[in-house]
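Chains A and B, in that order, give the protein sequences. Everything in the first sequence is counted per the numbering used here, starting at 1 for the first residue and increasing by one. Everything in the second sequence is counted per the numbering used here, starting at 1 for the first residue and increasing by one.
It should be emphasised that the hints constitute simulated quantities derived from the structure, not laboratory data. Given the structure is predicted, the values throughout are model-derived calculations rather than measurements. All C-beta atoms, glycine included, are put in the ideal place defined by N, C-alpha and C. Any given hint might turn out to be false.
Said to hold, decoys possible - The calculated label-pair distances, taken between Cβ atoms and stated as ranges, are: (1) A/Ser706 - B/Lys64: 54 to 62 Å; (2) A/Thr587 - B/Gln140: 28 to 36 Å; (3) B/Thr126 - A/Pro421: 27 to 35 Å; (4) A/Glu441 - B/Val82: 49 to 57 Å.
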Amino acid sequence: MKIDAGLKKDFFSGFIVSLIALPLGLGLALASNVPPTAGLIAAIVGGVVVSIFGGSHVTITGPGNGLVVVILTAVTALGNGDPFTGYLAALGAIVVSGGVMSLLGFLKFGKLGDIFPSSAIQGMLSAIGIIILAKQAHIMLGNLDPKASSNAEMLYTLPATVFRLFSETHWQVPALVGLASLGIMIFYSKIRKPIFQLIPAPMWVLLLCIGFYEYFRIFKLDYPIQPEYLLQLPNDLSQALVFPDFSRIGEGVFWEAVIGITLISTVESLLSIKAVDRLDPQARRSNVNKDLKALGLGTMLSGLVGGLPVVTVIARSSVNVNTGANSRKANFFHGILLLTLVLTMQSVLKKIPMPALCAILVYTGYKLAEPAIFRRMWRAGWQQFAIFLLTIVITLFFGLINGILVGILATLVQQMLKIHPLRLFFRYLIWPNTLMYEESENQFIISVKGVSNFLNFPRLKEKLESLPIESRVILDFSLTKYMDSTVLEHIQQFESERERRGGELEVIGLDDLAGNRGKPLSLVGSRSLINPLNSMSKRQAEVQAVAEELNWNFKVNPTQAVHSLEKFPYFRTKRIEHAFNTLLGETELCKIKVRDVEYFEGEFIAKEMIRSTMAVVNLDQKIPAFTIHRENLLSRIAAAAGFEDLEIPDYPDFNKRFYLRGNSEELLEFFDHDLVLFLESRAQFHIESVGNKILVFDRERLATVSELKALIRFTIDLVPLLLERGKSNP
Amino acid sequence: MFQRVATALAFSPRLEANLCEGIRVAQYFNAELVLIHVGDQDADKKRILDGLLADHSFPENRLKIVWHKGDPVKVISRACKVHEVDLLVAGAVQNENLLTYYLGSVARDLCREAPCSILLLVNPATESVKFHTMVVDGKQHPEDKQLIKAAMAFGQAIGIKESFFVEELKPKAVKELSNEAEEDDPIAMENERVSKMLDGMNDCREMEINNFPIFGQGGYTISHFAQSKRADLLVLHAPEKKQARLNRFFTRGIEYVLTDLPTNLLLYKNHAE
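Chain A on its own, in the form it takes in the complex (with noise of 0.2 Å):
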């Protein structure tokens, strides 16, 4: 019989992840304060569960990061000073939590991960790091008992606990062997070579642990580890498997701890479902309440024989990715493999120094925590980093659900201090505020006005999901008056999904909301003029990649010096207030400079504002003055400009398509077979000229990139032809 090649990868992949999983199973267990094995449980079942009711592709579920805090704290309050009195109530708390997870599934709140603000999630997530760090850190150390009670005091006695070693002999072992496996958690990325890279760090620590007491084993020397530093593990792994008491259930505490589980495992499970989404070489997309319902169950039936709740979880996903997974079965067998493993392996677990295994943890922690982390939200921007400061500090003293209101309430009144008048805060809390339509054949504009932010960025995503994957998408954002990082963030995200899979994304008017590339979280918020060459928004970035291949010039900055402009009819009715995003280019016969052009029609409380993308040539020498322009883009003037609508005899689809104005004589001997063919072969543009200045644009919005290229190519093929007219025709 033939194994199929899709089913091989997903066993391997799902050995590779039952690697680290085993390890990190169990230190996560020991850092919530509860017995190893109830790691081990939640994997296994998670594993098996989830792969088989759930509706994502190639996440991995098992215990998580971020519960070790809300299991950790729950364990103490349920507790009464009794960590297994506390773990059992802890369990009844799981098993309900579960339920109340499968309830957000069916009741279709999967859409709701995408409210919470960025900075603040990047905080809680930043929080969790530093207490799971602060806490393992001691033990890696060799200190078992660091007596500190609250989270915030775990991280300052960390000297103490770093100073009392080189006093506490006993530690010095203990820490050595911590110390090196922190060692191998780092150096890991570093080493390159293929063979060493086919057993995961994690993997490595526990090897090397069982190495380090074998050695001592067969030499027949003493063990230099002391008892109260390994692993505690049941000698019948049946002892394992406890139920769970609910016999608080009437109580504040439990329903605490029920609501802190729900929270964060759905956050996390969302966040890391969404992530592992953009990490699937298929880009398929996960069914978030289908899975939210299977983690449910999972967390439910874990929680019933003793495990921790099931989430999915990025870093053993991002690895399920990496080693060829190709469907849930790999998380399938990584849980049947995790089982088999600890069946195997469970007398040589029982010498693992629990040191080593907080040396992961450690290591899992800064990972979370690290200074690229506080720099990347330092570029945001200074309130953004005080929102992400504000929420690690309320976590770490307040507890996590106290620093995820906290964050999203400083968010909150950040967003309503910048935004003006207030009331289009609270409008478009409730209103709506995004149209779509098919612009032309398979191009959609999705406009979006007023306030787009991260309570109402659902209503944009329901319209961005809605359109077919290799559809072409206009975002524009010329309405919008705030825009918020979050927003930003999922925009970003969106842009480079739909890039991979073929589609295209791009979005407009955002080039003046101080938006860029090099700052990704960069506060947005209202319009400002002045916007840092440093500072670039995609499209910027993208159409300075344009002026470099063409060895043009390109600038951002907006410019007053736009009288050259007004000579053209278009503007007799118009007000310009300034260009920018200059590109300036020369070719044989002429100059061209290409701009966005903001300007007004109307004034006073008629007046609107537009923005254009333009191009303008400067001819050495006289043409014609002339108006060309498809069908009604200019009719609005037409008045103004007092002549009337040129027909070129023998060319009755020119004249259908364009409408010519100018002094007739002139131009009736001007456009002829050659000219007309190239107008009638081409995209139509709007063309201008006023003798020794030609303009030419495309639509009156801005230009995306493409389109910018297309109106550039545009004009230097019509430059020529325009010219060689002009001198047979003085």
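Based on the hints, put chain B in the right spot on chain A.
For chain B alone, coordinates are given in the frame of chain A:
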């Protein structure tokens, strides 16, 4: 199309502009003009009005002036009914931030209470303003045919060059499109319905006609579309009276347009009924 046009007059700095707009619209349709003034007739006001009417000549035999005291909304509605007015012209008030418009409570109530169609002008002016683009609601409605006919007639009268007949659909429709067989395609069905109605109506070739669905929340999306197309006129069905009050608290349907007026607005009501 419209045989009798009315405009309500208040003695404010905008009196002349409002009057001019009324006269202009009446002239477009070669209609009679009814001027409704809420309040007592007094010599001063009469003199001012006569002066203005002399400046902007309108044939006296086709002009009627009504003076009546009372609640403005009731007086105007009743006058429209009594004099069989087809179209009421009213002005909107500017909002504080100059770029959006605001409807006074009288105009807002009139949108619901008036027995006829109503034209709300965001910026009444003494001189004629060029109209270029109009957006028309093409949604399925008992009076959709009449609305489209009225919009075409109105558009042609004021020299509209570019028109969009749009139907608001739920964004889901795009997704369903790929799943459903051709004949069930909601987008194509909508398009066909509207284009059938438009058939034969465009006898004036000056106007470019576009017809496609837009996706988003009903009532709101068309207003957003009108703004993004920088339309000069938006044509909608007049709201029904019954549900009106509640909608002001739970913004819905027409209230989106009235709260954040994107442009001049024509609310069509079939007068014959």
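Pairwise beta carbon distance, B/Thr126 to A/Pro421, judged against the given window 27 to 35 Å: Given range 27 to 35 Å: holds, Cβ gap about 31 Å.
Are A/Glu441 and B/Val82 spaced within 49 to 57 Å by their CB atoms? holds (53 Å)
Supplied distance hint 54 to 62 Å, evaluated on CB atoms of A/Ser706 and B/Lys64: The hint (54 to 62 Å, Cβ to Cβ) holds, given that A/Ser706 and B/Lys64 are roughly 59 Å apart.
If you check the beta carbons of A/Thr587 and B/Gln140, does the distance land in 28 to 36 Å? violated (54 Å)
Of the numbered hints stated above, the single one contradicted by the structure is hint 2.
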